[in-house]
Amino acid sequence: MIRRKFLQNSLGLATAATALHSLSGCSGKKDASRRGQITFGSYADPALDLLKDTFLPEFERATGIHAEWVEADFSGWFQKALNDGQTKTGAFDIYVMDDLWVPRFAGAGYLANLDELGFQPDPDFVPSALDLGFWPPKTGLRQPGIDAKARPTLYSLPLISDCQLFFYRNDIFSSGSPATWDDVLKMARQKSDPAHRKYGWVTRGVKGNPIMNSFFVLLHDFGGDIFGENWKVVFNSPQAVEALEFYLSLLQYAPSGVAEFDSDQEGATLLQGNAFAATMWTGWCPQTDDPSKSRVVRKISFDVPPKKVNRVAKLGLFMAGIAAAAPNKTGALEFFKWFSSPSVQLRFARAGGAAFRTSALRDEEAQKKARWLDATLRALTCGVPSPRTSDWSKVEDILGTQLNKALLEKGKAKEHLDAAAAEATAFLKGAGYPVA
Amino acid sequence: MPRLSVTQRRRLWFFTRLTLIVLALAITLLPVYWMVNTSLKNQVEVFTSPPTLWPQNLTFANYVNVFTRRHLGTYLFNSLVIVGSAVLLSLLMGSLAGYALARFSRLQQKLDFWVLAPRMIPPIALVVPLFLMLQEIGLINKKLGLILVYTAFNLPFVAWMMRSFFQEIPVDLEEAAMVDGATRLRSFRDIVLPLAAPGLAATAIFSLIITYNEFFFALILTSTPAAATLPVGTAALIGKTQTLYGEMAAAGVVAAVPLVIFALLVQRHLVRGLTMGAVK
Amino acid sequence: MARTGEGGKWAPRLLIAPTVICALALTVLPLGYSVLTSLREFPLGQSPVFVGLRNYASLLHDANFHSSLGTTLIFTVVATAFEFLLGLGLALLLKEEFSFQGLIRSSLIVPMAIAPVVVGIIWRLLYGADVGLFSFAVQALTGKSVSVLSSTTLALPALILVDIWEWTPFMFLILLAGIQSLPQEPFEAARVDGAGSWNIFVHLTVPMLKPVIVVSLLIRALDAFTVFDQVFVLTQGGPGTTTEVATLMIYKTAFRFSQFGYGAAMAMGLLVLVMFFSAALTRAFKSSF
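Chains as they are written, first to last, in the numbering used here: chain Y, 1 to 436; chain C, 1 to 280; chain G, 1 to 289.
One should not assume that every hint holds.
Examples of chain G residues lying across from chain Y (beta carbon under 10 Å, computed) [said to hold, decoys possible]: (1) LEU39; (2) GLY89; (3) TYR127; (4) ALA129; (5) LEU234; (6) GLY238; (7) GLY240; (8) LYS252; (9) GLN259.
Straight-line alpha carbon distances no greater than 25 Å define the calculated SDA-like cross-link-like pairs of lysine to any residue that follow [said to hold, decoys possible]: (10) Y:LYS410 to Y:GLY36; (11) Y:LYS299 to Y:ARG197; (12) C:LYS143 to Y:ASP124; (13) Y:LYS369 to Y:PRO291; (14) G:LYS95 to C:LEU12; (15) G:LYS144 to C:LYS143; (16) Y:LYS429 to G:GLY52; (17) Y:LYS88 to Y:GLY36; (18) Y:LYS410 to G:VAL138; (19) Y:LYS198 to G:GLY52; (20) G:LYS144 to Y:LEU408.
Derived from the structure by calculation, the hints contain no laboratory data.
All residues carry an ideal CB built from backbone N, CA and C; glycine is no exception.
With the rest of the complex left out, here is chain Y (with noise of 0.2 Å):
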């Protein structure tokens, strides 16, 4: 009947097609019209947008390789070029990558070699940028399995010079940004007024990542760390403790659904200027002087986060990575040139992107264009990134979780965090760390 002879049909043809298919041999990996091209692989951020609209098409002009920019969310962009360098399939030259990455990617050989390929990078690069590229870290402890004595190869660099400021209200904060932790206590104590919506600080609450990217930058200024000699869980000493019971008190004059706040309403609050403090990515910089996101233009003012014991910010960078099986790694080692380069790195930083030379960083005319980029260029010197291994998203979620708890309950500081130490270490031992 006409039914059956339209199904018959299309049977036909879906069969017929993919037959074609494979026996024209194309895989889709090695397309020879690429040699002009580099694909981009990325999660989606308003930090990339300057590199995405502006430099991409200066680089094709430049060079007459074409770049395309392929982006998912973040989540789903990690899963894909974890897919992508697990299978080899070569559908991306470039990833862009967090920080928090590089171990895992690094390690599993899904990145090509930039020593190998003859990558040179110079002093002029900030170092503490320059140092989340190398595997094996250059400093600090190295993750069981890998060798104690491998030399530290370069295996990505640095594209965004992501990292977390102190972001506060200069009208309040007039005599300039809180030079310690107790002064942002004292004006939140003494001007928060939550009824009419005035809070003195705001922070993220969601647990895992969120919750400990806020809490990390007290832990550290407390004397605090996360791992200790010998990958020994410290985030539980009495400095440590201490640092959350702080931060715990900080929270009184914060929104009362901080718990369940992610960078998004921690954003949307201080943007709406019913904030006075928060410690929040590089990323959000440009938006605070821009009518169409924020009420309070012009005053919001940029520092490293105030001091207590220490004085550090957290580094968060974006970074970028030459895919192991990419289909065209000369033009892709081309664009790292490029964009590395001196001028064009201070042509970024003038206009406003957060670049990772110190002389564009420090350039006259980039920080009177970007207000933040002389507070970006003093965050990335004292610096403190995430813990280099593989297995610290677990040890994240853990303490991230307890550290909710601990801001549900608000308070209890010190069980949280004994009990994440404790599971923390059970993980770690498993896994094979020579935790005591």
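With chain Y fixed as given, assemble chains C and G onto it according to the hints.
Positioned in the frame of chain Y, the structure of chains C and G alone reads:
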């Protein structure tokens, strides 16, 4: 309570029914309205408190952005082509299979489990093997690859659903027609199919919606806008440090439009037509 | 009900064959691969190591995973039950003709048509502490400021509400179609005999609808077991671990922590739960076949 007259009871029922329907509509459409509302706001207004019921600074920038900067047009085209083909194929083959399952119960018992099994497995467990299989035949990042995968997924589901609808229709109707000289095929077309039309319409709508909004496989089995679908493109608006709510809402509105149009066109089959009464 | 054993056995087999092949290709092969994966571990930078049943042994002691299975079960049962009842109610309300019926029916299925990730985002906005319409309304009505997604008691019900909002249209659609496909004569006969609406409903409509009811419950429950998008966007499993559903845990384990083997074992664990559940559900309705 005094006994109500028939007319009074009918009127009471009418008003009750009306109220309930209005309530259902309100609850259903409020978040939809909010989506449209958000899509017309700029970022600063999305997060204003108290929330504004209608944008104070109405802007179409979100819609412009999703088409010019986020390739939504391409994703829309891909989705329509891929999903349309897959659903069509699976409806055709699946209904016939469902009919066979309904009328030949011996097979039915053996296959019950296997037909539903693909839906029981969390997609995460299936993704890598599927990726490897498709890579072998060179269909990664190709529309045809996704069409095949979606057809394969929908087929058991359509067969299962249609089987239960066919089962509702008594065999005697067909047998009566066949006694009168019609072939099985004829009786299928003239008697069974019209009676099962509501079921087919429902299955079509549901199959289309599920496939259209499928995210995980589309994410892993495609890599570039050449073959990626709307859900992938929409989710890409979730960034590392920020989510673009306005643009996401706009993308959501654009993505929902084809589905709503389809539903409007097909939903009249959800109700039995007037011709159906003339069965005996 | 249907039993025609004609000659020509090949015809039905041919019709069913593609379906069976697809079902097998999508289950047996990938499942085999998953089981294989669950028997290995994937240390960084080295080739996979065969560890036998070690992952499953760890699973038996993993309290976090057990509680996530519990959360998933609660979510599934409550959501599906409400969706069924509300969907049935709507179907009964709308089975007769009335003005604007096309428009109203289409409007009622719109929630289902919106991409799940967008549903998550919109409800995040609606539930949001200061900026959400929902919170604002509650505050205006009761004077108490509520932040649903950061409440350990309200977060899971809030998620279930989102699911109910999104998927009741599915139940409505299927049950409406089911009711419409029922032959008229038994109902006419019953009415002629003087049976009341409630009696007709309980003793005629429901039994005749049984195949459709089972299918709709099963499909919805299976999908609810694998809920992911809304939880990911709205709560990420928080506050605490109150909305940590199994799929979220599997996702984090396999992808964030790169423990592919353990994640695959977890997926098998979830599968076992799902199979038990569907078997129980089917058996409960078996008497009608």
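Outcome of the hint check:
no.: 1; hint: LEU39; verdict: violated (17 Å)
no.: 2; hint: GLY89; verdict: violated (32 Å)
no.: 3; hint: TYR127; verdict: holds (8 Å)
no.: 4; hint: ALA129; verdict: holds (2 Å)
no.: 5; hint: LEU234; verdict: holds (8 Å)
no.: 6; hint: GLY238; verdict: holds (4 Å)
no.: 7; hint: GLY240; verdict: holds (5 Å)
no.: 8; hint: LYS252; verdict: holds (7 Å)
no.: 9; hint: GLN259; verdict: holds (8 Å)
no.: 10; hint: Y:LYS410 to Y:GLY36; verdict: violated (57 Å)
no.: 11; hint: Y:LYS299 to Y:ARG197; verdict: holds (17 Å)
no.: 12; hint: C:LYS143 to Y:ASP124; verdict: violated (46 Å)
no.: 13; hint: Y:LYS369 to Y:PRO291; verdict: holds (17 Å)
no.: 14; hint: G:LYS95 to C:LEU12; verdict: holds (18 Å)
no.: 15; hint: G:LYS144 to C:LYS143; verdict: violated (52 Å)
no.: 16; hint: Y:LYS429 to G:GLY52; verdict: holds (20 Å)
no.: 17; hint: Y:LYS88 to Y:GLY36; verdict: holds (21 Å)
no.: 18; hint: Y:LYS410 to G:VAL138; verdict: holds (24 Å)
no.: 19; hint: Y:LYS198 to G:GLY52; verdict: violated (57 Å)
no.: 20; hint: G:LYS144 to Y:LEU408; verdict: holds (18 Å)
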